[in-house]
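Student: Here are the chains, one letter per residue:
There are 2 protein chains.
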Amino acid sequence: MNGAESLVHTLLNAGIDTVFANPGTSEMHFVAALDRIPGMRCVLCLDESVVTGAADAYYRVTGKPAATLLHCGPGLANGLSNLHNARRAHSGIVNIVGDQANAHRPLDAPLTADVEGWAHPVSAFVRRTATALEVGVDAAAAIAAARAFPGQIATLILPADTAWNDGGVVAEAAPPAPAAAPAAAAIDEAAALLRNGKPTMLLLGGAAMRETPLGDAWRIAQAMGTKLLVERSPARLPRGRGRIAVERIPYPIDQGIAAFTGIAQLIMVNATDPVGFFAYPGKPGRLTPEGCVLHTLSTPGQDGAAALRALAERLEVPALEAPDPGPRLSPATGPVTPEGVAQSVGALMPEHAIIIDEAISFGRGFFPRTHAAPPHDWMMLTGGAIGAGIPMAVGAATAAPGRRVIALQADGSAMYSLPGLWTQARERLDVTTIILANRKYAILLGELAGVGANPGRTALDMMDLTNPALDWCHLAQGMGVPAARAATLDELNPLLVQSFATPGPFLIELVI
Amino acid sequence: MNGAESLVHTLLNAGIDTVFANPGTSEMHFVAALDRIPGMRCVLCLDESVVTGAADAYYRVTGKPAATLLHCGPGLANGLSNLHNARRAHSGIVNIVGDQANAHRPLDAPLTADVEGWAHPVSAFVRRTATALEVGVDAAAAIAAARAFPGQIATLILPADTAWNDGGVVAEAAPPAPAAAPAAAAIDEAAALLRNGKPTMLLLGGAAMRETPLGDAWRIAQAMGTKLLVERSPARLPRGRGRIAVERIPYPIDQGIAAFTGIAQLIMVNATDPVGFFAYPGKPGRLTPEGCVLHTLSTPGQDGAAALRALAERLEVPALEAPDPGPRLSPATGPVTPEGVAQSVGALMPEHAIIIDEAISFGRGFFPRTHAAPPHDWMMLTGGAIGAGIPMAVGAATAAPGRRVIALQADGSAMYSLPGLWTQARERLDVTTIILANRKYAILLGELAGVGANPGRTALDMMDLTNPALDWCHLAQGMGVPAARAATLDELNPLLVQSFATPGPFLIELVI
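Line order of the protein sequences matches chains A and B.
Take the first sequence: its letter number 213 is residue 213 in the working numbering, and every next letter is one higher.
Take the second sequence: its letter number 360 is residue 360 in the working numbering, and every next letter is one higher.
It should be emphasised that the hints constitute simulated quantities derived from the structure, not laboratory data.
None of the values given here were measured: they were computed from a predicted structure.
Every residue gets a Cβ at the ideal spot worked out from N, C-alpha and C, and that includes glycine.
Certain hints may be false.
One side only, chain A facing chain B, incomplete, derived with CB under 8 Å [what the hints assert, rightly or not]:
| id | residue |
| --- | --- |
| 1 | Met28 |
| 2 | His120 |
| 3 | Ala124 |
| 4 | Ser233 |
| 5 | Pro289 |
| 6 | Val293 |
| 7 | Pro374 |
| 8 | Pro375 |
| 9 | Ala442 |
| 10 | Pro468 |
| 11 | His474 |
Covered by chain A, according to a simulated footprint, are these stretches of chain B (three or more residues, beta-carbon under 8 Å) [to be verified]:
| id | stretch |
| --- | --- |
| 12 | 73-84 |
| 13 | 141-155 |
| 14 | 173-184 |
| 15 | 415-427 |
| 16 | 437-449 |
| 17 | 460-471 |
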């Protein structure tokens with residue numbers, strides 16, 4: 001058995017059966033091993049940002065790492081920004097980077113680069129395998145690191161000779177690490193805070209944004225009269241009928257600060273101290289008011305669901321059903337507005353859809369009109385590195401056959417990872433992409449105003465995507481994805497109906 | 001004057017008047033400063049690989065750094081693979097990365113990342129500016145580093161507050177550093193080696209691949225009976241009528257080794273010890289035979305032209321005109337072959353064209369049929385990080401108005417940086433892109449055979465781009481670039497004629 005074969009067996013033994021791949025020469029023995037050993041689903045991606053964004057979403061949906069296959073330092077580099085997002089989402093990924101053979105590396109051939117240097121900032125685990133004998137144990141260690149709660153990126157660097165040499169030994173990965181128990185004192189303290197009568201907010205993040213802990217948090221909030229918010233950009237938030245309707249921390253700095261105004265105590269459940277997405281001249285960096293008590297009920301690595309359950313019991317909050325969100329709305333009509341898009345999507349989406357939201361500036365008002373939609377999951381851009389949406393749709397649809405993935409996608413951001421559409425076509429993934437084509441970097445126009453600058457010709461030109469206008473129907477068709485254009489909600493609705501009823505990908509250019 | 005304004009003035013004072021930009025929120029004051037201060041050409045790119053690939057080619061054409069403008073760590077990350085290529089090309093770039101304000105950085109907002117960690121592997125200079133006061137001097141230091149011979153990447157990290165705060169001071173950059181003189185002893189030794197009668201080769205790289213040193217090297221080779229080769233992937237090689245016709249080190253390992261067979265002495269001029277692009281089981285990593293004497297006439301940082309001139313004088317080699325390459329060939333006809341494509345391009349290209357060659361496997365036979373073409377420059381993928389071609393065409397055409405840029409572009413590689421086509425359309429750049437559409441990762445099929453693997457279904461699927469086939473005319477039109485398809489050389493020729501006669505970009509999907 002060569003090293004590459006021991007790697008494939010070690011992955012499969014640990015239940016890791018999906019690899020998103022953009023291989024090169026140094027990975028040819030790994031590819032050959034995938035040929036010989038059945039059981040691994042190989043999803044070919046035409047650039048590495050698709051590989052890593054897909055692996056991120058795969059984890060968010062399944063709670064199980066996928067493997068990646070990247071080619072040398074530059075291949076890793078192309079995937080780093082979506083690994084950055086994955087790190088912010090606490091997604092577990094077994095990130096495999098093929099590299100020059102060990103003896104060849106000192107010769108500094110053209111593709112040789114500092115793989116470790118690039119990997120460390122996003123990885124909890126980085127290891128370069130030295131020999132074929134060690135590939136199995138190193139892979140097992142990487143798998144264990146990737147599965148450590150709440151999910152981590154483990155980068156395994158695989159020199160070509162360790163893949164092609166004989167002497168591979170299959171290893172067994174440690175089972176997934178459970179979340180650490182919350183501290184009893186933290187629960188005591190939270191109960192005391194909630195009983196002291198001061199204005200309090202519960203802020204939920206990470207793994208505390210699941211159906212059960214959300215329900216417990218909401219019941220605590222109802223009983224104790226506290227506010228309840230979730231992180232600005234949830235990795236995954238269960239929404240729709242039967243789920244608790246919560247709002248996110250708003251993105252614009254003034255709204256973000258306003259959300260915390262008057263709060264004297266913040267109880268964080270798998271969330272961290274809320275801060276502005278950026279700093280702005282003369283405005284605070286922290287969103288909480290001066291003097292606000294910050295209390296960590298559970299860290300992102302702890303079991304927030306258990307913490308909330310214990311806290312609810314301690315406070316003896318009554319059982320309560322989630323409130324009825326009212327009747328499901330009908331599709332909206334007329335000119336395109338954010339609320340109208342949300343209403344139509346909410347009205348027409350099938351049950352258990354997965355929403356990939358990289359709508360950026362256009363997407364801030366999507367939540368209210370989708371509360372009464374069927375149960376669905378909402379997944380957002382966690383790290384702010386745009387270009388995650390199309391790749392995440394690939395990963396989510398790969399992870400959840402039978403569930404419709406709906407990508408609400410800003411046009412400027414979509415340009416960073418277009419080739420993901422090709423993989424959607426190739427794998428016949430059930431993805432409906434709505435390109436929100438405002439033909440500008442709208443968020444930057446807002447930000448430019450936010451920093452007090454008064455844009456002139458040069459600045460406006462730098463935010464303008466009309467010269468020429470991108471033609472998304474052409475771009476999609478070029479990638480093998482059927483597409484159509486809509487300029488009103490009346491034109492959007494039948495396209496949604498048709499796409500949701502038709503297997504495979506479809507793209508709608510929605511001119512906004 | 002705020003820090004951003006001091007940065008723009010410092011750049012302009014040093015003659016740096018072109019910025020390739022993909023800005024974000026933290027760069028809004030820089031953008032506003034560009035508004036207020038005339039003189040900087042701002043080229044908007046829709047992803048960062050276009051920014052950095054364009055800056056690389058801009059330097060290769062002009063010998064002068066451009067500035068970049070990137071957004072935070074993930075923006076830098078997206079540009080790293082083309083910075084890797086630029087580093088291998090010895091291209092000077094003032095690589096400006098906007099970042100979180102200094103006070104905001106410790107709060108670990110979502111986009112916060114290890115910018116320095118990602119920058120160091122490609123940068124000779126990395127500095128994070130601390131205050132607005134220091135922006136000017138830090139920028140001047142970055143400019144000096146970028147202009148150090150033979151060109152380096154200097155990364156200047158610009159926290160948002162250092163851009164927006166008042167107190168900026170314009171600074172003056174040190175003038176461009178000249179190449180270091182070659183060592184007299186190295187010239188003596190080379191002369192002795194060339195006179196000892198043993199089989200010898202001159203290998204030229206970097207800045208030694210200019211018209212004058214190439215002529216000197218060729219005259220030495222003629223007089224002393226030595227072989228002459230240039231690096232595998234020249235950053236820029238002057239070619240065509242009146243220039244010396246030289247061949248490159250072949251890419252395939254067996255041909256690479258064969259090129260050096262029988263050589264007892266290798267004299268390297270701004271080149272380094274030739275090694276295989278990758279290692280292969282049972283094959284050597286170095287291309288030179290065991291026992292071959294390696295002699296450095298000049299390092300990449302030294303003046304190889306002066307070294308060759310001195311060596312030619314020492315050896316008293318006679319003046320010789322470059323040999324006549326024979327009559328210019330006519331366009332080729334019939335089915336598409338590499339030689340036929342080269343012949344047609346060579347037959348039809350205008351004078352002083354710039355060829356961007358990311359043809360990969362299809363492009364190995366392009367040189368012989370273009371020797372008799374008009375004078376032109378040939379620029380290749382120096383670092384092996386595919387996806388450089390379309391961005392490099394942007395940078396070369398920006399740098400050289402009036403010269404036609406011809407991009408010979410493999411299809412798989414083109415997928416990494418498609419949005420560069422949009423910038424070509426927006427800036428009305430004179431770029432003719434020929435997509436060599438083999439609809440597969442042809443090089444990997446060769447490499448898989450090279451490592452002795454016998455591909456099965458899974459492996460073949462991972463190298464197959466026919467399911468679905470990419471439609472390049474749709475993709476180009478989606479980006480605003482007119483396009484047409486050709487399946488024979490007879491169809492290619494009139495499209496080349498038409499594009500070369502028409503200002504602005506054009507894309508030809510050549511089905512091969």
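Student: Each hint: holds or not?
Tutor: Hint by hint, here is what the structure shows:
1. Met28: holds (5 Å)
2. His120: This hint holds: His120(A) lies near chain B, its Cβ roughly 6 Å from the closest one there, short of 8 Å.
3. Ala124: Hint violated; Ala124(A) Cβ to chain B Cβ min 13 Å, cut 8 Å.
4. Ser233: Holds. Min distance 7 Å.
5. Pro289: violated (16 Å)
6. Val293: Check failed: Cβ of Val293(A) comes no nearer than 18 Å to chain B, outside 8 Å.
7. Pro374: violated (30 Å)
8. Pro375: The hint is violated - Pro375(A) has no Cβ within 8 Å of chain B, the shortest such distance being about 27 Å.
9. Ala442: This hint is violated: Ala442(A) lies away from chain B, its Cβ roughly 12 Å from the closest one there, beyond 8 Å.
10. Pro468: Hint holds; Pro468(A) Cβ to chain B Cβ min 3 Å, cut 8 Å.
11. His474: holds (3 Å)
12. 73-84: holds (count 8)
13. 141-155: violated (count 0)
14. 173-184: violated (count 0)
15. 415-427: As far as the stretch 415-427 of chain B goes, the hint holds, because 7 residues have Cβ atoms under 8 Å from chain A.
16. 437-449: Since three or more residues must qualify, the claim that chain A covers the stretch 437-449 of chain B holds, with 4 doing so at under 8 Å.
17. 460-471: holds (count 8)
When each numbered hint is compared with the structure, violations occur for hints 3, 5, 6, 7, 8, 9, 13, 14.
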